[in-house]
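So the chains spell out like this:
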Amino acid sequence: MSTILKKCFNLAKTVRTATITSLLTAPKQQWQALSAAASQTPHAQMMHTSPMRHGLMEFFDDPKHWSENDIKVGRAWRTDELRIKSNKELHQLWFILLKERNMLLTMEHECNDKMEIFPSPERIDKVKISMDNLEKVVRERNTAYHLLETGETGERPQKRVNNAFGLQVNYKSCEHVLPPFMNLKWIKSRNIGFGGRAVNRFLLKYREQLYNAKRKAKNRSRNEVMMILRRNPNFDLEVLRRKFPDVDIDKLRSADKARGHYVPKVGV
Amino acid sequence: MRITQFLASKLKNFSNLPKEYIERSRKQVYWQTPREKNYLPRTVERKRFRYTTNRPWTGQFRQQNMPATMRRKVLIEPVEDWSFFRGDRIEVLVGKDKGKQGIVTQVIPERNWVIVEGLNWHYRRVGAEKEFPGIIIKSEAPLHVLNDIRLVDPSDLLGTEFEWRFTEEGEKRLLWGEITFQPKLSTFEMDIMEEMGIKEERTPAKSYWY
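Quick mapping for you: the protein sequence lines, in order, are chains A and B.
Just so we're aligned, residue 1 is where the first sequence starts under full-length UniProt numbering, counting upward by one.
Just so we're aligned, residue 1 is where the second sequence starts under full-length UniProt numbering, counting upward by one.
A few of these clues could be false.
Unchecked claim - Calculated lysine-lysine pairs in the DSSO-like style (CA-CA distance at most 27 Å, straight line):
| id | chain 1 | residue 1 | chain 2 | residue 2 |
| --- | --- | --- | --- | --- |
| 1 | A | K218 | B | K27 |
| 2 | B | K27 | A | K216 |
| 3 | A | K188 | B | K206 |
Rather than coming from a laboratory, the hints here were simulated on the basis of the structure.
Please model the entire structure based on the sequences and the hints provided.
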C-alpha cells in the first residue's frame, strides 16, 4: 500500500467516530440518545447537519481491525425489536446497515484481492438478516395501511402463469401507462401459449421425474423407519408416526427388514 | 417466547453464528446453471454431509467432507424434544466412566451427541514422526443422548426420567428497548416524507398493473 493511502488511514483513525459500530452492536442506549437529541429543540431543525465524511475510506473497515483474526460483533436485529421502533429510526437504521454492508463487501473483495483472511465473514450474513427483517417490518406497516384504506395489500401483483414449456411460473406484474387491450407491444410479447408434440412429450417426462423423486423420498423414509425399528425394537412408535406421517408403521413392524439379527425371546 | 423455543435457540446459536452463515460455509457446489432466463435453475451440490465433532463452519469439517467423496449414511433416530443443553448435569450410563456425573460442554444435535467435560475420554497421539514420538492429547468422546446418558435431578443429584410440560404463561415474550413506534394512518414513506418536510403535490397519472 502506498504511503499516501497509509496517511489517509491514519487520518481516518484519528477522526473516525464509533457511532456506526456501536449502533450495530448496542442498540439501546444509542437510540435513546439519538431520539432525545432529535426531539430537543425546534431550533435544531433549522440547522442542517450532515455526518462526517471520510470520502472513499468509508468503504473500508477501521484500520485497527485489519490484522485481526476475528472481530467480536453482536447478533442481527430481530423482527420483534424492529417492530417497536418508529419509522424514522428504521429509516436511519436502514442507511447504517447499508453502509455497513457496503463496507463489508468491499473489505471481503479487498481481502480476496490481497490474499488475506477476511475476519468474521458472518458479519455479512448478520447485516443481511437485519436488512431483511427491517424490510419485512416496513412491508407489514405499509400493507396494514393499504388494507385499511383500499382493501388491497399494495404489494406488486403476482400470479401463476404457464410459460412456453407448459410449466407454472410466477409472473410479476408491471406498471403500464396504457390499459392491456390497447398495449399491442405487450400483447405481442405476452403471446405465450404452449402446445405441440414436443412440449407434450417434455411435460410427460418432466412429470415422470417429479413422480420418481416423490416415490424415492417415500421409499427412503420407509427404509429409514425399518432400520430404526431393526436397531431398537422398543423405539417409541408415536414419535415415529409423528416424524414419518406417510409411512404405515404398523405394517412395517412385521416386515422382514425390520427384524433384528437376534433370536427373539419367546415366552418371557 | 415459549421456553422450549428459547432453549432451542440457545442450543443452535451459542456460537453466535447465523444459520445462513453456517449453511454458506459448508456449501459445496459442483456445478450450477448460469442464472439466465434461458436456463432452468439447476444446481449440483453436496446434499449429504458426515457430521462429526467438528463443527460445520470449520476447516476440519471440510477436510472430512472433501468434495467428490461419499460416505455411508449414518442412521439418526429422531429425538422430538431435545432436552440436553450446555451446562446441564448428566450421568453417564456406559463405558469406563459409568455412573459418573459431569457437565455438558458441547451439543451435536446432528448426531444426537453430547460431549461431557472430563468424562469418556481417551488419549490421542498427534504429530508423530521418525524421531519425534508425538504429543499426547486427552480428548472427550461424544455420548449418545438416548442410550448413553441420563439427566440428573439437581435436588438430589441422582439420574432421573423427565418430561416436558407447559406452564400457564407459556407465551411470554421477551422484549428490550423503548417502544417508539406509534401507529399512524400513513405508510412508511408518507411518514418519512412528513418527518423530513417533503411535500408532494403532484398527482400520479392513471396507470395499469398487468
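Hints and how they fare:
1. Restraint check for A/K218 and B/K27: satisfied, since their Cα atoms lie roughly 26 Å apart, inside the 27 Å limit.
2. The hinted pair formed by B/K27 and A/K216 meets the criterion: a straight-line CA distance of about 24 Å does not exceed 27 Å.
3. Under the criterion of a C-alpha separation no larger than 27 Å, the hint pairing A/K188 with B/K206 is consistent with the structure, at around 23 Å.
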